[in-house]
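Enquirer: For what it's worth, this note's numbering labels the leading residue of the sequence shown as 17, then goes sequentially.
Certain hints may be false.
[Claimed, not checked] For lysine to aspartate or glutamate, the following DMTMM-like pairs were computed, each having C-alpha atoms within a straight-line distance of at most 20 Å: (1) Lys204 <-> Glu220; (2) Lys188 <-> Asp49; (3) Lys191 <-> Asp207; (4) Lys191 <-> Glu60; (5) Lys191 <-> Glu220; (6) Lys188 <-> Asp50; (7) Lys191 <-> Asp50; (8) Lys188 <-> Asp207; (9) Lys204 <-> Glu137.
Derived by calculation from the structure, the hints in this document are not laboratory data.
Given the structure is predicted, the values throughout are model-derived calculations rather than measurements.
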Amino acid sequence: MSQLENEPGARIRRARQEERDAISRLLGEAFMDDPVSGWVFPDEAHRRAVQPRFFGVFLDAALSGGWVDVTDDLSATALWLPVPAGNGEGDEDEGDDIGALLAEADPGNERPGIVGRLTSEAHPQHSAHYYLPLIAVTPSRHGQGLGSALLAQVLRRCDREETPAYLEASNKRSKALYERLGFVSTGKTVDLPGGPHMWPMWREPRP
17 MSQLENEPGA RIRRARQEER DAISRLLGEA FMDDPVSGWV FPDEAHRRAV
67 QPRFFGVFLD AALSGGWVDV TDDLSATALW LPVPAGNGEG DEDEGDDIGA
117 LLAEADPGNE RPGIVGRLTS EAHPQHSAHY YLPLIAVTPS RHGQGLGSAL
167 LAQVLRRCDR EETPAYLEAS NKRSKALYER LGFVSTGKTV DLPGGPHMWP
217 MWREPRP
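Using the sequences provided together with the hints, build the complete structure.
Expert: In structure tokens, the structure reads:
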């Protein structure tokens with residue numbers, strides 16, 4: 017899932033391990049009004065309490081196997097994972113592992129595991145790429161270009177390295193913004209049972 021602002025400009029650095037809890041709280045707050053989060057955790061008070069654990073699954077994966085970019089004041093963050101061809105997030109066993117970890121974030125709630133399973137099934141496997149599971153900006157800083165700045169520097173890296181990028185847009189507004197940056201729909205949607213859609217999107221590197 018991802019959120020994105022529309023204007024450039026921010027000082028960006030790599031996150032440190034000791035900032036893990038602060039970043040998980042940022043992610044939880046940033047996605048309070050996201051339609052997918054609302055489906056996964058329908059009760060608002062419960063959503064606020066459990067989302068840092070839910071997003072912590074992705075955060076821990078990025079801190080250990082990829083990288084996490086943040087603005088210097090920890091008001092925005094982007095999580096990236098390198099995924100090899102024919103393996104990684106699209107692999108069935110890996111999807112089962114992620115789904116199990118997501119389910120553990122909120123025992124008794126089957127919906128976190130459903131999100132993990134369905135997004136894993138939709139994840140392309142044909143080419144190595146960088147995967148963006150989450151990008152978020154604290155609500156008080158919306159409209160200041162922080163998300164765009166986080167994303168732009170990695171897309172420049174993708175272009176230099178001739179490496180594709182992949183994400184799932186969790187609302188139509190972010191989908192339209194990603195399209196302007198060269199992402200296109202894979203032709204599939206992630207359809208949450210009785211809930212909203214997510215749009216898997218792929219970006220080929222630009223010359």
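Enquirer: Tell me if the straight-line CA distance from Lys188 to Asp207 falls inside 20 Å.
Expert: 14 Å, holds
Enquirer: Would the pair Lys191 and Asp207 pass a check requiring their Cα atoms to be no farther apart than 20 Å?
Expert: 15 Å, holds
Enquirer: For the pair supplied as a hint, Lys191 and Asp50, is the alpha-carbon distance within the 20 Å limit?
Expert: 13 Å, holds
Enquirer: Is it true that the CA of Lys188 sits at most 20 Å from the CA of Asp49?
Expert: 14 Å, holds
Enquirer: Given the hinted pair Lys204 and Glu220, is their Cα-Cα distance within 20 Å?
Expert: 17 Å, holds
Enquirer: Starting from Lys204, check that the Cα of Glu137 is at most 20 Å away, please.
Expert: 11 Å, holds
Enquirer: Is Lys191 within 20 Å of Glu220, Cα to Cα?
Expert: Within the cut-off at roughly 16 Å; holds.
Enquirer: Keeping to a limit of 20 Å between CA atoms, is the pair of Lys188 and Asp50 held or broken?
Expert: Roughly 11 Å separates the two Cα atoms, so the pair holds.
Enquirer: Could you grab the alpha-carbon distance between Lys191 and Glu60 and see if it respects the 20 Å cut-off?
Expert: Given pair Lys191, Glu60 is violated - Cα atoms ~25 Å apart, limit 20 Å.
In this structure, only the earlier hint numbered 4 is contradicted, and the remaining ones agree with it.
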